[in-house]
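Chain B is fixed; fit chain D onto it per the hints.
These protein sequence lines are chains B and D, in that order. In this text, residue positions in the first sequence follow the working numbering: the first is 10, and each later residue adds one. In this text, residue positions in the second sequence follow the working numbering: the first is 10, and each later residue adds one.
Read the hints as simulated data drawn from the structure, not as lab findings. Mixed in with the good hints, there may be bad ones.
Computed footprint of chain D on chain B, listed as stretches where at least three residues anywhere in the stretch have a Cβ under 8 Å from a Cβ of chain D [as the list claims (entries may be wrong)]:
1) 205 to 216
2) 238 to 252
Take a look, some chain D residues computed to stay more than 10 Å from chain B by CB distance [said to hold, decoys possible]:
3) Lys81
4) Tyr223
5) His279
6) Val400
7) Arg443
Backbone N, C-alpha and C define an ideal beta-carbon position, used for all residues, glycine too.
There are 2 protein chains.
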Amino acid sequence: MMSKIDQANQEAVQRMMQSRPVLVDIGRAKDVIPGMKENLFLHAGPPITWERMSGPLKGAIIGGLIYERMAKNAGEAEAAAAAGRVEFAPCHHYNAVGPMAGVITPSQAVFMIEDKQWGGFTYSNMNEGYGKVLRYGAYDDEVLRRLRWLDEVYAPVVKEALLLSGGIDIKTIIAQALHMGDDGHNRNRATTSLFIRAIASAIVETEYGKKRVYDTPRPDLTNICPFFKETRPAAAAEVLAFMHGNDLTALNAIMASCKSMALAAHGIEHSTLVTTMARNGTDFGIRVSSTGEKWFTAPANVPDGLYFSGFKSSDANRDIGDSVITETVGIGGFAMAAAPAIVSFIGGKPAAAFEATQEMYEITVAENTNFNIPALDFRGTPTGIDVRKVVEKGILPRINTGIAHREPGIGQVGAGIVLPPMECFIEALKELAR
Amino acid sequence: MMSKIDQANQEAVQRMMQSRPVLVDIGRAKDVIPGMKENLFLHAGPPITWERMSGPLKGAIIGGLIYERMAKNAGEAEAAAAAGRVEFAPCHHYNAVGPMAGVITPSQAVFMIEDKQWGGFTYSNMNEGYGKVLRYGAYDDEVLRRLRWLDEVYAPVVKEALLLSGGIDIKTIIAQALHMGDDGHNRNRATTSLFIRAIASAIVETEYGKKRVYDTPRPDLTNICPFFKETRPAAAAEVLAFMHGNDLTALNAIMASCKSMALAAHGIEHSTLVTTMARNGTDFGIRVSSTGEKWFTAPANVPDGLYFSGFKSSDANRDIGDSVITETVGIGGFAMAAAPAIVSFIGGKPAAAFEATQEMYEITVAENTNFNIPALDFRGTPTGIDVRKVVEKGILPRINTGIAHREPGIGQVGAGIVLPPMECFIEALKELAR
Numbered sequence: 010m011m012s013k014i015d016q017a018n019q020e021a022v023q024r025m026m027q028s029r030p031v032l033v034d035i036g037r038a039k040d041v042i043p044g045m046k047e048n049l050f051l052h053a054g055p056p057i058t059w060e061r062m063s064g065p066l067k068g069a070i071i072g073g074l075i076y077e078r079m080a081k082n083a084g085e086a087e088a089a090a091a092a093g094r095v096e097f098a099p100c101h102h103y104n105a106v107g108p109m110a111g112v113i114t115p116s117q118a119v120f121m122i123e124d125k126q127w128g129g130f131t132y133s134n135m136n137e138g139y140g141k142v143l144r145y146g147a148y149d150d151e152v153l154r155r156l157r158w159l160d161e162v163y164a165p166v167v168k169e170a171l172l173l174s175g176g177i178d179i180k181t182i183i184a185q186a187l188h189m190g191d192d193g194h195n196r197n198r199a200t201t202s203l204f205i206r207a208i209a210s211a212i213v214e215t216e217y218g219k220k221r222v223y224d225t226p227r228p229d230l231t232n233i234c235p236f237f238k239e240t241r242p243a244a245a246a247e248v249l250a251f252m253h254g255n256d257l258t259a260l261n262a263i264m265a266s267c268k269s270m271a272l273a274a275h276g277i278e279h280s281t282l283v284t285t286m287a288r289n290g291t292d293f294g295i296r297v298s299s300t301g302e303k304w305f306t307a308p309a310n311v312p313d314g315l316y317f318s319g320f321k322s323s324d325a326n327r328d329i330g331d332s333v334i335t336e337t338v339g340i341g342g343f344a345m346a347a348a349p350a351i352v353s354f355i356g357g358k359p360a361a362a363f364e365a366t367q368e369m370y371e372i373t374v375a376e377n378t379n380f381n382i383p384a385l386d387f388r389g390t391p392t393g394i395d396v397r398k399v400v401e402k403g404i405l406p407r408i409n410t411g412i413a414h415r416e417p418g419i420g421q422v423g424a425g426i427v428l429p430p431m432e433c434f435i436e437a438l439k440e441l442a443r
Numbered sequence: 010m011m012s013k014i015d016q017a018n019q020e021a022v023q024r025m026m027q028s029r030p031v032l033v034d035i036g037r038a039k040d041v042i043p044g045m046k047e048n049l050f051l052h053a054g055p056p057i058t059w060e061r062m063s064g065p066l067k068g069a070i071i072g073g074l075i076y077e078r079m080a081k082n083a084g085e086a087e088a089a090a091a092a093g094r095v096e097f098a099p100c101h102h103y104n105a106v107g108p109m110a111g112v113i114t115p116s117q118a119v120f121m122i123e124d125k126q127w128g129g130f131t132y133s134n135m136n137e138g139y140g141k142v143l144r145y146g147a148y149d150d151e152v153l154r155r156l157r158w159l160d161e162v163y164a165p166v167v168k169e170a171l172l173l174s175g176g177i178d179i180k181t182i183i184a185q186a187l188h189m190g191d192d193g194h195n196r197n198r199a200t201t202s203l204f205i206r207a208i209a210s211a212i213v214e215t216e217y218g219k220k221r222v223y224d225t226p227r228p229d230l231t232n233i234c235p236f237f238k239e240t241r242p243a244a245a246a247e248v249l250a251f252m253h254g255n256d257l258t259a260l261n262a263i264m265a266s267c268k269s270m271a272l273a274a275h276g277i278e279h280s281t282l283v284t285t286m287a288r289n290g291t292d293f294g295i296r297v298s299s300t301g302e303k304w305f306t307a308p309a310n311v312p313d314g315l316y317f318s319g320f321k322s323s324d325a326n327r328d329i330g331d332s333v334i335t336e337t338v339g340i341g342g343f344a345m346a347a348a349p350a351i352v353s354f355i356g357g358k359p360a361a362a363f364e365a366t367q368e369m370y371e372i373t374v375a376e377n378t379n380f381n382i383p384a385l386d387f388r389g390t391p392t393g394i395d396v397r398k399v400v401e402k403g404i405l406p407r408i409n410t411g412i413a414h415r416e417p418g419i420g421q422v423g424a425g426i427v428l429p430p431m432e433c434f435i436e437a438l439k440e441l442a443r
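Here chain B stands alone, though its shape is the one from the complex:
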């Protein structure tokens, strides 16, 4: 007979898999995220004070303060943060998620994901692309100009297209992308391609997309569309070019969709299922279905991976970001067997990708009914991490991740694999035993 805990875990994982996240709209964080306010900055991972923040998170906060015109430069921004002129809270406390530093400031545009099965909304910001970007702790003029363009050109066009088209079913996109070489976390070429083709016609038909927006400087898109050199194209063309130039275009909407799934599994009495994993660049934290809002934290590890030219492992910050929400619901590192080409980005051999997925069946309670892997005979991905199994078997969840430079202001330096600290799971198990 199934134990009370096993029954609870089955209920939780079924709810997780039944969640039906649809990207329906875009709004300003302070207008649409309940509880969001003018002087509140959200960040990735468990709660943390300014003093304990790592370089990349501090860098993103500095950039956010300048972007919000609460500071003129890095010095002013650091002083403002140290003086407590802005409050900090985890994205997760507001049903939001953000990759890497995960900083969401009040006036930023956010994706709104509606769970069509269980109701409610989850949120994430727009993805800025690779390299020197706010979420990796960079904050120079180029970074801030790009953020401005995202909020003033990109977001309004995509919002109008979403309303016109009736939204994008993100779960279907993830399912297809796992048949197209993506893991849904580090490799998002397929999700992004499917996202673009799903919304392209609607983007063409937006009113805002027809405009040529001369008053907002645009990021340099001439390497993507050389014909942009001649004249400023319509906003719709710029938006589609930016999407094409950024294989992570779909990532943030996928993360918010995964948050929707994880949320559906949260709050089930007796369940030992992990419903949050997140890192702030200093600590790794988890939350569990039956233990409410309590975080179980421990120092985050440093990822192991491949570095961009000019960077090395001693440049790496500790593990950072909410993107591990993907592994929490059975994709990302758990679906690596779907994405053997990912090793050219994170290192290792394709065989290791298959082993990673195989191992994750040991610590999960279900095979996903939505997401499966052709090369494993269409077996469902390992889904729903059981805290008990992690501790008993001594097997930690495998996480695919980007790597941020440890200093503020620099950005992404590589990508790789990382494990959470076992202490989080041991502490959670102790709490569950109480």
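Showing chain D alone in chain B's frame:
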């Protein structure tokens, strides 16, 4: 020491892999294909007379005659064809290729692929989508309306976008798509997604794309874009919707690009490399690098595969189409290990996809330097079929294919796998021995 033949084969396969096909333009067949004329219809496969044509090829010829206004109905068209009022020739004789029936009529729009390495152009028509389409032998009003829309709305928009953007590098798209679950022949979800995102911005910026073309009836796109119900959208939005609704959007450009590669390997003295494989629905034919324009033909086999609801294996026509040009240059069935999800479309188990690729290394002379398969540790695809090896080892090239109904007027009934007849290779080897 390498034999004269082996040296010639290496030269041929290197030329094949160095070919750099870029989709640069679109034109009317009679205006751009050298030698094309008003009363000439091109078709797939080796040469064939009207009398010996199979049902789907006859159906496509009938449709082509009505489309060209050379006949008012099927009866008139059959009489015209039987009376010799139109000439027939293989697409391959004009450096063109067409999927399935492969009928290219004088006024149809064709993709123009330029080989940036070796010079020269290759051609293919626009892809019509799935099911009831001319290339599968259907010719009712819906089929003809769609062809009209392709020539009058779709082609002009895509042409303008190609000229604006400077063209699309198809080889890069194929290489990426093999890391995204495509084989490049039967499964083209990734190539099509990459094609769409590469050209979307340029489509937005075309002048023709901004028009609402009310005088050409459009295919029903409301299942793809429900918001089209309200009003007729801009041509650019229709074009992007049609592309999104058809995972074979990129196929014909890929085929013409493969033709470019095969052409580069043709005409090398002493080479035993296969440079053409093609079927007209009655005969399978091959041509070899060092034996000029001579075809070696034998009756085509019937494919083995999965059938759409309501159809069965006795409905299947013999193997048909020029799309086997993909296998000729090392993708399609030869790259099946890249596309394990394809088995849900053609039948069998994912393991068989890996075996298919492994076996093809036995009959080929190179591992492709452009196209590789992540799950096989990024090994290059088996490329360059050596007639000698096929005959000596008794191993035939594996071909992924669509299945046409044997009667004219019906269309696609399934998809599967097929083998060429061994006689073609034996006859070629005899000729080579002379």
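Here is how each hint holds up against the structure:
1. 205 to 216: holds (count 9)
2. 238 to 252: holds (count 8)
3. Lys81: D:Lys81 clear of chain B: closest Cβ-Cβ about 35 Å, beyond 10 Å.
4. Tyr223: 16 Å, holds
5. His279: Non-interface label on D:His279 holds, nearest chain B Cβ at 38 Å vs cutoff 10 Å.
6. Val400: Fine: 33 Å to the nearest Cβ keeps D:Val400 off the interface.
7. Arg443: Holds, since 46 Å exceeds 10 Å.
Checked against the numbered hints given earlier, the structure satisfies every one of them.
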